[in-house]
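Each residue of the sequence shown is one higher than the one before, starting from 1 at the first, in our numbering.
These are computed hints drawn from the structure, not numbers from a lab.
Possibly wrong hints are sitting among the right ones.
[What the hints assert, rightly or not] Once the Cα atoms are required to be at most 25 angstroms apart in a straight line, the calculated DMTMM-like pairs of lysine to aspartate or glutamate come out as:
#	residue 1	residue 2
1	Lys543	Asp317
2	Lys529	Asp495
3	Lys529	Glu447
4	Lys542	Asp443
5	Lys542	Asp466
6	Lys529	Glu170
7	Lys542	Asp157
8	Lys529	Asp507
9	Lys542	Asp458
10	Lys529	Asp26
11	Lys529	Asp494
12	Lys542	Glu487
13	Lys543	Glu437
14	Lys543	Asp501
15	Lys542	Glu469
16	Lys529	Asp44
17	Lys542	Asp507
18	Lys543	Asp443
19	Lys543	Glu527
20	Lys529	Asp443
21	Lys542	Glu527
22	Lys543	Asp458
23	Lys529	Glu23
24	Lys543	Asp179
25	Lys543	Asp515
26	Lys542	Glu321
27	Lys529	Asp317
28	Lys543	Asp514
29	Lys542	Asp501
30	Lys529	Asp458
31	Lys542	Asp514
32	Lys529	Asp41
33	Lys542	Asp179
34	Lys543	Glu447
35	Lys543	Asp450
36	Lys529	Glu376
[Stated by the list, open to error] Computed spacing ranges between beta-carbons, pair by pair:
#	residue 1	residue 2	range
37	Arg492	Gly167	33 to 43 angstroms
38	Ala276	Ala184	31 to 41 angstroms
39	Ala227	Glu282	33 to 43 angstroms
It should be emphasised that the depicted structure is a prediction, and the values quoted were computed from it without experimental measurement.
Even for Gly, the Cβ is constructed at its ideal location relative to N, Cα and C.
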Amino acid sequence: MSEHVAAARAWLAQDPDAVTRAELEDLLARVESGDAEATTDLDDRFSTRLAFGTAGLRGTLGAGPNRMNRVLVAQAAAGFAAYLRERSSGAPTVVVGYDGRRNSDVFARDSVEIFAGAGLNAILLPRLLPTPVLAFAVRHLGADAGVMVTASHNPPDDNGYKVYLGGDDEGAQIVSPADAEIAAHIQRVADEGNITTLPRSVGYANAPESVVEAYISATAAVGPAPAGAEGLNWVYTAMHGVGWETVSRVLAEAGYPAPTVVEAQIHPDGRFPTVAFPNPEEPGAMDLSFETARSVDAELVIANDPDADRLAVAIPDAGAEGGWRRLTGNEIGLLLGWRAARAAAGARGSEADEAGAAASLACSLVSSPGLQAVAEHYGLNFHSTLTGFKWISRAPGIVFGFEEALGYLVNPGTVRDKDGISAAVALLEMASAARAEGRTVADLLQEFRDTFGAFASDQISIRVSDVSEIAGIMASLRAQPPSAVGEIAVTRIDDLLQGVDGLPPGDVLRLWLDDGSRLIVRPSGTEPKLKLYLDVRGSSAKKAARRLAALRSGAEELLASVR
């Protein structure tokens, strides 16, 4: 019988959720009857707990400390409250938001009740809303902190707990050492062993609708519709998430024509019934969008992920299967970065931008090096950061930041996080302005290549069932560093565990090749995946594509040799 039976029974005694109690009671009954599969399941749930880190908490819904549930969330809320009280002389203010995933509303209300019970000024957003609205609200309300209950684009059975700090952190996600300090408080609460004794209060405030209206106005102002927007025929999907209500209001205020929506995916639905994986990057996730686009002969497709902090874009392409091609995150990021760089360069020295000379572009180190070329072209600063907007948003003088996983920060004055809605407005503005000149987004991509060179990127993603396999691969690459990738010699390897270019240590290997190509290997921060990022530059799109294909082949051979 499992050694964790006693821990499971203690968990049952404090679990306020009838669903997870019934789930755990059934599992215990099966364990006690000698069911080996049930014993393995129980051990997985109780042998460890979901770690609280710079991404907060994220995991599969279910009973036990290694799952997302009301007990774990209560412990997290109480621990975070203690952390905030410790660093504040008064009563800290914390604002809480939630999306449309299963139990998001329940976890949010548990959190505000515990925050209020701990003596904090707790504020709950008025309804399920996109993550960028919560990030905005932290700054707009002058809050000390924010919590967003979301698992973003993770599988349907996941949920998460994302933490922001106000004040000097300007509404950005937490970084070290705050994560470890918060985690220590959470562990103390967990060790005390009974969340039913935590004080709760319904004396929290409900945020007024004016907070959402302020976000809508600030976001619409990112890119008011130019003349070319009139008659724009485009398609939008919310991927079963919470984006559409807010997006539709932003579009109306900014002056863009309403899109044709993907009806089957436009309303929040935590089951995500039409997609196996609610991430626009995943194969098949945008199939309904392309079907809709073909039916209305659209010019453009725009998608948000379920919490609307990411943006996907697709354009007509006769050479692509089905006639539509989703742009890579790097392609979108370079276009939006180009837009921001022109604006920053134009504002430099003006009274409207006294800090223009210090304006910078930033992207994660796994994103396209093309953004550095843009920054240098316009005389702006450039920062390469560790992955995650907790780092990108902190780049000095940032006017734009992105990472290749469809995340874009285009409005740093109001939202210090990726924001798929403001990014959509910026992209619509670019597309509409080009349209007024008889051009398309494809023409903008070609103009970018003509101006800065042809940057091409690719990614190899390996999903594993045992995360120890990822650690093994990284260890093998460090123990026996490759001298070549395919037929191209490796000229330098940066091991970011040792700290490189002033970056905080990270589990990342960066290989520079003799032809100027780059290969980066790192574990995913949110999923059980190993990711390889491939970047090349060529004098033309065709030459860059050939170089990229060769690099991919070599990277696959390298991966096979260490698995």
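Hints, one by one, checked against the model:
1. Only pairs whose Cα atoms come within 25 angstroms are accepted, and Lys543 paired with Asp317 is accepted, the gap being roughly 20 angstroms.
2. Between Lys529 and Asp495 the CA atoms are separated by roughly 19 angstroms; this keeps the pair inside 25 angstroms, and the hint holds.
3. Distance check on the hinted pair: Lys529 and Glu447 sit about 35 angstroms apart at the alpha-carbon level, beyond 25 angstroms; violated.
4. The hinted pair formed by Lys542 and Asp443 meets the criterion: a straight-line CA distance of about 16 angstroms does not exceed 25 angstroms.
5. Taking the CA atoms of Lys542 and Asp466, the gap is about 38 angstroms. The hint is violated against a cut of 25 angstroms.
6. About 31 angstroms separates the Cα atoms of Lys529 and Glu170, which puts this hinted pair outside 25 angstroms; it is violated.
7. A threshold of 25 angstroms between alpha carbons decides the hint, and for Lys542 with Asp157 the separation of about 41 angstroms lies outside it, so the pair is violated.
8. Proposed proximity of Lys529 and Asp507 is supported: the alpha carbons are some 13 angstroms apart, at most 25 angstroms.
9. Restraint check for Lys542 and Asp458: the C-alpha separation of about 15 angstroms stays at or below 25 angstroms, so the hint holds.
10. A threshold of 25 angstroms between alpha carbons decides the hint, and for Lys529 with Asp26 the separation of about 31 angstroms lies outside it, so the pair is violated.
11. A C-alpha spacing of about 21 angstroms is found between Lys529 and Asp494, which places the hinted pair at or below 25 angstroms, so the restraint holds.
12. The hinted pair formed by Lys542 and Glu487 meets the criterion: a straight-line CA distance of about 19 angstroms does not exceed 25 angstroms.
13. Proposed proximity of Lys543 and Glu437 is contradicted: the alpha carbons are some 29 angstroms apart, above 25 angstroms.
14. Of the supplied pair hints, the one linking Lys543 and Asp501 is violated, its CA atoms being roughly 30 angstroms apart against a limit of 25 angstroms.
15. Proposed proximity of Lys542 and Glu469 is contradicted: the alpha carbons are some 36 angstroms apart, above 25 angstroms.
16. Pair hint Lys529 plus Asp44 holds up; C-alpha atoms about 19 angstroms apart against a cutoff of 25 angstroms.
17. Note on Lys542 and Asp507: the hinted pairing is violated, with a Cα-Cα distance of about 33 angstroms set against a maximum of 25 angstroms.
18. For the proposed pair Lys543 and Asp443, the alpha carbon gap of about 19 angstroms is at most 25 angstroms, so the pair holds.
19. Distance check on the hinted pair: Lys543 and Glu527 sit about 33 angstroms apart at the alpha-carbon level, beyond 25 angstroms; violated.
20. Restraint check for Lys529 and Asp443: not satisfied, since their Cα atoms lie roughly 35 angstroms apart, outside the 25 angstroms limit.
21. Straight-line distance between C-alpha atoms of Lys542 and Glu527 comes to about 33 angstroms, which puts the hinted pair past the 25 angstroms bound.
22. Taking the CA atoms of Lys543 and Asp458, the gap is about 15 angstroms. The hint holds against a cut of 25 angstroms.
23. A C-alpha spacing of about 28 angstroms is found between Lys529 and Glu23, which places the hinted pair above 25 angstroms, so the restraint is violated.
24. Proximity of Lys543 to Asp179 is assessed by CA-CA distance (about 44 angstroms); at most 25 angstroms being required, the pair is judged violated.
25. For the given pair, Lys543 sits about 13 angstroms from Asp515 by alpha-carbon distance, which is consistent with the 25 angstroms threshold.
26. Note on Lys542 and Glu321: the hinted pairing holds, with a Cα-Cα distance of about 19 angstroms set against a maximum of 25 angstroms.
27. Note on Lys529 and Asp317: the hinted pairing is violated, with a Cα-Cα distance of about 30 angstroms set against a maximum of 25 angstroms.
28. For the proposed pair Lys543 and Asp514, the alpha carbon gap of about 16 angstroms is at most 25 angstroms, so the pair holds.
29. Simply put, Lys542 and Asp501 have alpha-carbon atoms about 32 angstroms apart, too far for the 25 angstroms limit, and the pair is violated.
30. With a C-alpha separation of about 16 angstroms, the suggested pair Lys529 and Asp458 falls inside the 25 angstroms cut-off, and the hint holds.
31. A C-alpha spacing of about 20 angstroms is found between Lys542 and Asp514, which places the hinted pair at or below 25 angstroms, so the restraint holds.
32. For the suggested pair Lys529 and Asp41, the alpha carbons sit about 22 angstroms apart, so the restraint of at most 25 angstroms is met.
33. At most 25 angstroms may separate the alpha-carbon atoms for a hinted pair to count; Lys542 and Asp179 exceed this at roughly 45 angstroms.
34. Restraint check for Lys543 and Glu447: the C-alpha separation of about 17 angstroms stays at or below 25 angstroms, so the hint holds.
35. Taking the CA atoms of Lys543 and Asp450, the gap is about 13 angstroms. The hint holds against a cut of 25 angstroms.
36. Taken as a hint, the Lys529 and Glu376 pair is broken in the structure, with Cα atoms around 34 angstroms apart against an allowance of 25 angstroms.
37. For the pair Arg492 and Gly167, the beta carbons lie near 39 angstroms from each other, so the given range of 33 to 43 angstroms is met.
38. Range check, Ala276 to Ala184: about 38 angstroms between beta-carbon atoms, so the 31 to 41 angstroms window is met.
39. Distance hint check: the CB atoms of Ala227 and Glu282 are about 36 angstroms apart, consistent with the given range 33 to 43 angstroms.
In summary, the numbered hints that this structure violates are 3, 5, 6, 7, 10, 13, 14, 15, 17, 19, 20, 21, 23, 24, 27, 29, 33 and 36.
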